[in-house]
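A.B. asks: These are the residues of each chain, in order.
2 protein chains.
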Amino acid sequence: MAKDEKNEKSKGLLIVYTGNGKGKTTAALGMTIRAVGYDWKVCVIQFIKGSWKYGEMDGIKKLEPNVEFHVMGEGFVGIIDDDKPIEEHRQAARKAYDLALEKMKSGRYRLIIMDELSVAASLGLVFPDEFKKLVAQKPADLHLVITGRRAPDWLIEEADLVTEMTEIKHPYQKGILAQKGVDF
Amino acid sequence: MAKDEKNEKSKGLLIVYTGNGKGKTTAALGMTIRAVGYDWKVCVIQFIKGSWKYGEMDGIKKLEPNVEFHVMGEGFVGIIDDDKPIEEHRQAARKAYDLALEKMKSGRYRLIIMDELSVAASLGLVFPDEFKKLVAQKPADLHLVITGRRAPDWLIEEADLVTEMTEIKHPYQKGILAQKGVDF
Chain Y
1 MAKDEKNEKS KGLLIVYTGN GKGKTTAALG MTIRAVGYDW KVCVIQFIKG
51 SWKYGEMDGI KKLEPNVEFH VMGEGFVGII DDDKPIEEHR QAARKAYDLA
101 LEKMKSGRYR LIIMDELSVA ASLGLVFPDE FKKLVAQKPA DLHLVITGRR
151 APDWLIEEAD LVTEMTEIKH PYQKGILAQK GVDF
Chain V
1 MAKDEKNEKS KGLLIVYTGN GKGKTTAALG MTIRAVGYDW KVCVIQFIKG
51 SWKYGEMDGI KKLEPNVEFH VMGEGFVGII DDDKPIEEHR QAARKAYDLA
101 LEKMKSGRYR LIIMDELSVA ASLGLVFPDE FKKLVAQKPA DLHLVITGRR
151 APDWLIEEAD LVTEMTEIKH PYQKGILAQK GVDF
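Going down the list, the sequences are from chains Y and V.
Okay, so the first sequence: first residue is 1 according to our numbering, each after it adds one.
Okay, so the second sequence: first residue is 1 according to our numbering, each after it adds one.
Check each hint, because a few of them may be wrong.
The list cannot tell twin chains apart, which means a pair is met if one copy fits it or any two copies do.
What the hints assert, rightly or not - Straight-line C-alpha distance at most 30 Å; calculated BS3-like pairs for lysine-lysine: (1) K41 to K61; (2) K169 to K41; (3) K138 to K169; (4) K11 to K169; (5) K169 to K133.
Please keep in mind that the hints were generated in silico from the structure rather than gathered at the bench.
Pulled out of the complex, with its shape left as it was, chain Y reads as follows (with noise of 0.2 Å):
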C-alpha cells in the first residue's frame, strides 16, 4: 500500500459512511482513534442529538484535547418521541451548520466528523443547496467524514470513499433489547 508521510498535507479526502446498518458513527468515531494516533487535530459535530450514546461521549472525552466534540442539533424528528415544532429543530441545523462551516474553514483540523449530516438533510432540516455548499467548501486538505443514513446520490457521486453499512441481522430481530456498549 502506497504511503504519504513525506507529503503530510496531501489530498483531504471526502468520506461518506450511509446505510441502514450500525457502525456508521462507531467508523467514525474509529477514525478519530487513527487521527489521534497522528497527533492531528479533529473536530466532530453532531448533526442530531440524541444520536451519540452515554458511552460514546464520555469514551472521545479520553482523546481530547486532540478531539474536539460539539453536541448540536435536536433529537430525531419524527424518529424518536419529540414535541418540538419543525422550525426549533431548522434552527439547531443551522447553527450546526454555521459552526461546521466555521471548524472547516478555520484550517485548524485535518479531520472533522459531521455526523448525521445526512441524516439530518434527509429530514429537511438541512437543504440540499446548503448541504452542497457546505461540501463544495472543504479544504483540499481536509478529510471530511459525513455519516447517517440516505446519503444523497449527488453526495456519493462528490465522495472519495463510501461504504454503505447493511443491516444483516439486528439483535432486535432476535427480541433482545438494546445493550449497553453497543447500543447506547
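With the hints as your guide, set chain V onto chain Y.
C.D. replies: For chain V alone, kept in the frame of chain Y given last:
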C-alpha cells in the same frame, strides 16, 4: 431505546463486521471508545499482522490501561508480499487463537475484539472447527466482535448483530493514492 443500566452484566452480544468495504476494523475501534466511556476493560487481538495501521496502533494506546492490544499473526498470506511458508502463518494464528481463548475465559473483559479472524479463517490459518469452538466458548456476558471479510455462514447464523460493509466507492477508483489517517 431500552436501557439495561440496572442490569450491567446482561447478555453480551456476538457482533460481526464483514464485507469488502472499509470500516470494519474502524467500527470495532470505535466500539472501544464507547466501552472505555463505560470504564470497561477491552482486549483487542489482531489475527493478521499488518492489517492495522500505525495511526490506529498509536491512537489506541491513548485508551490504555482500559484497552489492551495484542499484535498477533503474520502478514496476509498471498495478499501482501510474503515469502513465509504457510506453516509459519498457521503457527502465528495458533498463538493468536490460544491467547484469544485465554483472554475470553479470564472473565476480565467486557469487550473482546478478534480483528481479522474471519480473514484468517478464510485463508485456512484457523480451521472451521476451531473457529466454531472459540465462538462457542464466549461467556454469556461478554461482547465479542469478530471482523474480517468473508465471515462464514455459520457465524452469521450464530451472531446477534451483523453489519456488512459494502464498498460503494474507493479512492483507488479515482486514482488517489492511499492517504495517511484513512488507509494507514
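A.B. asks: For every hint, state whether the structure bears it out.
C.D. replies: Now the hints, each set against the structure:
Proximity of K41 and K61 under a CA criterion of 30 Å is satisfied in both settings, with 14 Å inside one chain copy and 17 Å between copies. Proximity of K169 to K41 under the C-alpha cut-off of 30 Å is restricted to the inter-copy arrangement: shortest distance 26 Å between copies versus 35 Å within a copy. Only between protomers do K138 and K169 lie at most 30 Å apart by alpha-carbon distance; the minimum there is 19 Å, versus 35 Å within a single protomer. In this assembly of identical chains, the alpha carbons of K11 and K169 lie at most 30 Å apart only when taken from different copies (17 Å versus 36 Å within one copy).
Proximity of K169 to K133 under the C-alpha cut-off of 30 Å is restricted to the inter-copy arrangement: shortest distance 22 Å between copies versus 36 Å within a copy.
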